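Residue numbers (UniProt numbering), protein chains in the order written: chain Y, 1 to 268; chain B, 1 to 268; chain E, 1 to 268; chain U, 1 to 268; chain R, 1 to 268; chain L, 1 to 268; chain P, 1 to 268.
Simulated from the structure, these hints should not be mistaken for lab results.
Hints are supplied without guarantee of correctness; some may be wrong.
[What the hints assert, rightly or not] These stretches of chain Y come out as covered by chain U in the derived footprint (C-beta under 8 Å, 3 or more residues):
| id | segment |
| --- | --- |
| 1 | 104-115 |
| 2 | 178-187 |
| 3 | 201-212 |
[To be verified] To give an idea of the chain Y side of the interface with chain U (calculated C-beta under 7 Å), a few residues:
| id | residue |
| --- | --- |
| 4 | I72 |
| 5 | I118 |
| 6 | F125 |
| 7 | Q128 |
| 8 | N168 |
| 9 | K170 |
| 10 | V172 |
| 11 | N174 |
| 12 | F175 |
Quantities reported herein were computed from a predicted structural model and do not represent experimental measurements.
For glycine and all other residues, C-beta sits at the position ideal for the given N, C-alpha and C.
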Amino acid sequence: MNWIREHLSKPEMLASLFWIIVKIILIYIVARICIKIADKTIAHMIAARDKSPLKFDRRRTNTIGSLIHNLIAYTVNLICIMLILGQVGLNLGPLLAGAGVLGLAIGFGAQSLVKDVITGFFIIFEDQFGVGDVIQIDSFKGTVEEIGIRVTRLKSWTGEVHIIPNGNIKQVTNFSTYNSLAVVDVTIPHHMDIDDATQILKETVKHVQDLTEDIVKEPEVLGVQVVGTTDLKIRIIAECKPTRQFNVTRLLNIEIKKRLDSVQIETM
Amino acid sequence: MNWIREHLSKPEMLASLFWIIVKIILIYIVARICIKIADKTIAHMIAARDKSPLKFDRRRTNTIGSLIHNLIAYTVNLICIMLILGQVGLNLGPLLAGAGVLGLAIGFGAQSLVKDVITGFFIIFEDQFGVGDVIQIDSFKGTVEEIGIRVTRLKSWTGEVHIIPNGNIKQVTNFSTYNSLAVVDVTIPHHMDIDDATQILKETVKHVQDLTEDIVKEPEVLGVQVVGTTDLKIRIIAECKPTRQFNVTRLLNIEIKKRLDSVQIETM
Amino acid sequence: MNWIREHLSKPEMLASLFWIIVKIILIYIVARICIKIADKTIAHMIAARDKSPLKFDRRRTNTIGSLIHNLIAYTVNLICIMLILGQVGLNLGPLLAGAGVLGLAIGFGAQSLVKDVITGFFIIFEDQFGVGDVIQIDSFKGTVEEIGIRVTRLKSWTGEVHIIPNGNIKQVTNFSTYNSLAVVDVTIPHHMDIDDATQILKETVKHVQDLTEDIVKEPEVLGVQVVGTTDLKIRIIAECKPTRQFNVTRLLNIEIKKRLDSVQIETM
Amino acid sequence: MNWIREHLSKPEMLASLFWIIVKIILIYIVARICIKIADKTIAHMIAARDKSPLKFDRRRTNTIGSLIHNLIAYTVNLICIMLILGQVGLNLGPLLAGAGVLGLAIGFGAQSLVKDVITGFFIIFEDQFGVGDVIQIDSFKGTVEEIGIRVTRLKSWTGEVHIIPNGNIKQVTNFSTYNSLAVVDVTIPHHMDIDDATQILKETVKHVQDLTEDIVKEPEVLGVQVVGTTDLKIRIIAECKPTRQFNVTRLLNIEIKKRLDSVQIETM
Amino acid sequence: MNWIREHLSKPEMLASLFWIIVKIILIYIVARICIKIADKTIAHMIAARDKSPLKFDRRRTNTIGSLIHNLIAYTVNLICIMLILGQVGLNLGPLLAGAGVLGLAIGFGAQSLVKDVITGFFIIFEDQFGVGDVIQIDSFKGTVEEIGIRVTRLKSWTGEVHIIPNGNIKQVTNFSTYNSLAVVDVTIPHHMDIDDATQILKETVKHVQDLTEDIVKEPEVLGVQVVGTTDLKIRIIAECKPTRQFNVTRLLNIEIKKRLDSVQIETM
Amino acid sequence: MNWIREHLSKPEMLASLFWIIVKIILIYIVARICIKIADKTIAHMIAARDKSPLKFDRRRTNTIGSLIHNLIAYTVNLICIMLILGQVGLNLGPLLAGAGVLGLAIGFGAQSLVKDVITGFFIIFEDQFGVGDVIQIDSFKGTVEEIGIRVTRLKSWTGEVHIIPNGNIKQVTNFSTYNSLAVVDVTIPHHMDIDDATQILKETVKHVQDLTEDIVKEPEVLGVQVVGTTDLKIRIIAECKPTRQFNVTRLLNIEIKKRLDSVQIETM
Amino acid sequence: MNWIREHLSKPEMLASLFWIIVKIILIYIVARICIKIADKTIAHMIAARDKSPLKFDRRRTNTIGSLIHNLIAYTVNLICIMLILGQVGLNLGPLLAGAGVLGLAIGFGAQSLVKDVITGFFIIFEDQFGVGDVIQIDSFKGTVEEIGIRVTRLKSWTGEVHIIPNGNIKQVTNFSTYNSLAVVDVTIPHHMDIDDATQILKETVKHVQDLTEDIVKEPEVLGVQVVGTTDLKIRIIAECKPTRQFNVTRLLNIEIKKRLDSVQIETM
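Just need the whole structure built from these sequences, with the hints factored in.
Listed below in structure tokens is the structure:
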């Protein structure tokens, strides 16, 4: 053991040892600081959830908080240990390769999470839609209830809540930006005179605008849309306030039906 | 062999050897500790399964436990051996490359597992749905029976259990958050007066609310939804308690049918 | 050549040579052991196949066994040669790059195999379904015959065997966990009194429960499901033992038909 | 501590220390400059948004601005710290590996963002469509309202706004580049003479061109398109101004109907 | 040039040169051996093709053989040259990067080939189906003609040959493992007595078993499957030999039709 | 500071400094040249666009030109700075890792662009279709207007322009390579004699060839294609010039209708 | 500058410089040879195209030839310059990283090209189909006109040419390998005797074989395929020469129709 003592007492060796110890202490301190910051952020998030209008279960929030704390603490400590081992001079190649497999799986598995966040950011940044707008994503239509950083929640008119990850939002249709157009195809029998029918419809729709504030411009009779084998379809359009087109369509249906009945025409 | 002995007895060589041996012992100890921790975690998980309300076969649980133990022990020992070989000075490049192919396959193959876990975490974190909620995922609708970290189990109303990996949950529709809307389209013949029909329907639906506690607001007669060639459809909506809309629809069907019969109208 | 001899006789060179030879021998021995272990595992697997209830062709099993032996032997020898070449000091970068291309292709190609195994493990671990359960995967429905680590075999009721790789199992519907619900929609003509019809149906279904042990709870008459243009549909549900709902439906069909005939009602 | 002082006072050590400090100061300055440039760019973008014709909420814009500022500042500082640590001599392999997992996830998650921008650039570069054109992407048809670098906005004729990420634009159909073709299939009864019918239709369509400026070339009667069991369909085409074909179709429908009525032919 | 001669004549330089030349010769010899082995394997494969029952064009086989020979020879020589250049001391980074791009493309492009082979191996190993079995893959149904390591060939009953890469085999349905079930739904008019009809059908099907050896168990009359608006459907099932269900169905159709005719019942 | 001066005045240090400065100047010059070449190429491309028959907006072209100039200038300068920093001795690992994330995203995002260009190259190289050909890609059919290196433009017969990225061209159907086949299924009543009908049709179609130059070979009467419940369909085919089959079909329809009318047969 | 001259005149420096210059010259020569070989290959390919039976435009071929020449020349020169710079001692990390992004994009973008070539090779190697065979790929059916290394060309019976990249060929159906089966379902009224009908059909089909050489085996009457509500369908099959089944079906249709008419049976 004599030569070891001699060897270790050489100044270069000592200086090297000194540096290694300094670095290890540095690594340890940085790791502590990282965990502290993470804990503060978690506490902040839990407080934000408590204040949020959506009611979350307090107990579940705490469980998740401690779960995230553990996850971060384990990860930071692991990296810390590996950095220290690296300083001591262990060749960590195989360990890193093992971690690489895990990392590959996590990286691939997390890509849709990242995509959700990126898309969510751009939805807000580009102001694609806001809370309260009526929008449609794929076959899901409803009023936007919440635009989160990961998911968007829609409430359909029949009361269901659709929860859609932002990354799955390929095309958005926003019904609340501009006035809507109510489209009514009135069926008239084949033997009827087109000009007469058009005239009657024009008079009827002019009068409908007074019944509701939803129509913003006088409805228009476009003409014969379809020539069927036993009847014709005349198209009427009416510009109305955003998302009010179904109400206007129902109103037009009633009024046109009444008028056609009153002029003794069997519209079918 | 003389020169070898001489060579090996040089202090630098000895110091280097000393360090290598220290490192190998260190690696061995860390490997032992890792396996110990893994074993404890497995025992913990088996105990948790035993206590779980879902009944698992004891024997199968034990089989799986020892299978996981073996898997971890083999992996840790393999990495341990490779680390030691690395200390001895073997160039492990080709071996690592071979492991890399395996790792690539495992990393890719495991990505959907990771995705399941990440999505599962966010479903719970964002409180998208809870046990007991009626939800729909793709075409699978049912009551949530269990939200696991990897799969979600739904029980449909006809008794099937749908098991869906969380990573496959693209869009969720939650029926239990808000009141539902029962929608009934009543068919009336074309020659009937719309105002009369609307009046009768209004009286009928007002009276239905007293028959059930499922309806939370007086049903509403919206107007003429469709003008068909031989009949009209008048739409009635009724806000009712979550997921009770089918019962309310059936009740409305019966009451409207009875009433229309009683006023001697053939509703078709 | 003089200087070479001198050069080689220097102690550092000799020590280095000595180490290289030690390492090469070490590599060779480890490679031999690996192949031995692989051979034992193969023999074990062949024996397991022989004992398996599914009958495998003996000759084919042997062919596959020797095929796997060759594959492993070639791979281990190749890595062994490359490790030894690496010790001798050859720069194997280009060779490894070539192997990398192959490895990339194998890694990608094998990912679905890995996914199959991982998913298979979780199907067993989470007890999603067991042998003998009736399950549905996509459009394939049948009784589970075997849950393998790579594929699941279902036997449909008409005798086909569906073989589905576990990695392709996205959603599972298990019919054997809970009681099933038989749903019968009885058509009655429009002019018939609803209360009378409901009363008759209630009496009929009460009596059906005595005819079979498949029904576990008295069937229930829910109400008017659909109001068609010429008839009504009244829905009846009956909770019955798992997967017995089709038998119960047939039985209910017969009994209701007989009863409605006997009370001289033309149900159509 | 004596040897350390001695060791550190050696000129090589000092020179090395001097270089390290110079490099660290350099890194710090470059980091400061990067953040300054980023801040200026953000201020520029906010100003551009304020001037944009699309109205953005001022408060939201500021929130996003400070969010991006923080994101960039954190990233630059992190890289700065890692570069300095690298100069001090810490082996950052494990840290970089950790960052690699994050980077992999971000890289994969961001790929659709990059694809959007690249496709957006080429849409503008290749002049595929311009603002005001009527185009169709998948099933979304409308007038182009805005071609952004990431999304394209279409306004449909019924008032909805479709927002489509550029990367999802696979095939574009542009209706505004060339004249459109109105296609009308006139149904005539089977017993009618084809030459007579063709003659009448030819006369009718010749006269239609005078009624509207939308038709740019005299409509053409092509011939018998379909021989059905009870009637024939004769096809008429009319070249008209881009996107005006529906108006022309309606006009042709009316005129042909009137003419056929006037020559006392029941076209069905 | 003097100093160069001096420089080169130093023993270290000479020893180094000696080693380099030894390595280059080693590389060359290994490369020659590799090509030799490849050529033998090719010759072996060509011979195997010649003996194969499937007739291959001799000339085409030779063309392919020399094509593969060239491919391997070029690749081995290229790697050989690069290894030698690496020994000479050229930094091949850029070259390898260029090869990496090619390798990436090849690796990705070849992944489906690897997947085919892996899946093919498991189809044979797990004995999913054998030559002569009737199986269905997606919408392709037929008798297995050949299970190759890359593709599977099915011959449909109408004579087409379906060639399906093994990697595209997601779900296999094997019709030849178990007995099949022939299912016949007999339509009887609504007014007929169910018990009578059931009785007649039972007698008929009992007698059918004697007519054919395809039925392995006496057919069973299950009951009323569907209650239609004008008729009932009674279901009969018959277990028969694998893939013989269509013959049995035809036979049952004829016998039931004759019997129902003979008892003077108009089954429709 | 004395030792620093001493240290720096050592010849090795100075030589090293000299080399570094030479390399930095070299890097700077190469960077300048690269930007110059890029600018020339851009100017060339703008000039080409000006001369192109498709009219591009001059102002937009200039905007794009300066945009590309800036993009290249920034990139080259960035790489230039990083190369110089690398010469100074900064460890750029973390910076490169950061760039790697960006690069990964860009590499993935740009892959469809590369695929477009590669496929475009092969479409031209293999002469799959040319400008003026009528082709169909997926559901988009039209005359090829332009085959670009990134997109292909089709003009449909109704005037729309379909713009399809080359990478999305999976299958191409080219209608302009060979003569087309017009297929007409003539419906004749069930009671009519087949031989008579065939004879009449043969005479009719022989005469049609004289009416048009589109038919290149005498039409053929194939036989009874379908035996329906109340009529038969006899198939006639006529080889005609590419893409003229619809005209020929219309002509055949008219002639056959006239002939069948003239021989007093009601063709149904 | 004195010390530089001194420094450079040291023999080690000179020897190093000498080696560098030798390597640079070597690199230059290899680059020249590569371009020469590439040019010869291009010339060879152009000559092959000129001789090819498919007519290619000479001018276009030349354009493509010079385009490929330029592409290769630029790439080789670029790599050549980078290799030389690497010898001079420039750290090319950042440059290579930049090239890596490009390489990643190209590698991914080119993968479908590589897949096309690999699949094309196996189609030819496995003799899946040959020129002149009638095959179906997805919904594209036709006669194989050309099997290229990248695309396969089919000519449909109506004259279209389908061009399908080999990598998109998932399942191939080959109609030309075996005899086809013509399947005719003859409809007979419900009241008709099955045995009589079968007898008549048997006599008819026996006689049909004499009319055509397409039928290779006497047609077979299988039995009652479907029992409809008003009629029965009796199935007849006839083995015929590959791809001739439609002709045989038409012939059978005619003969059976005539025979049934002649025995005064209204086949419905």
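Against the structure, the hints:
no. : hint    : in the structure
1   : 104-115 : holds (count 10)
2   : 178-187 : holds (count 5)
3   : 201-212 : violated (count 0)
4   : I72     : violated, 12 Å
5   : I118    : holds, 6 Å
6   : F125    : holds, 6 Å
7   : Q128    : holds, 5 Å
8   : N168    : violated, 11 Å
9   : K170    : holds, 5 Å
10  : V172    : holds, 4 Å
11  : N174    : holds, 4 Å
12  : F175    : holds, 5 Å
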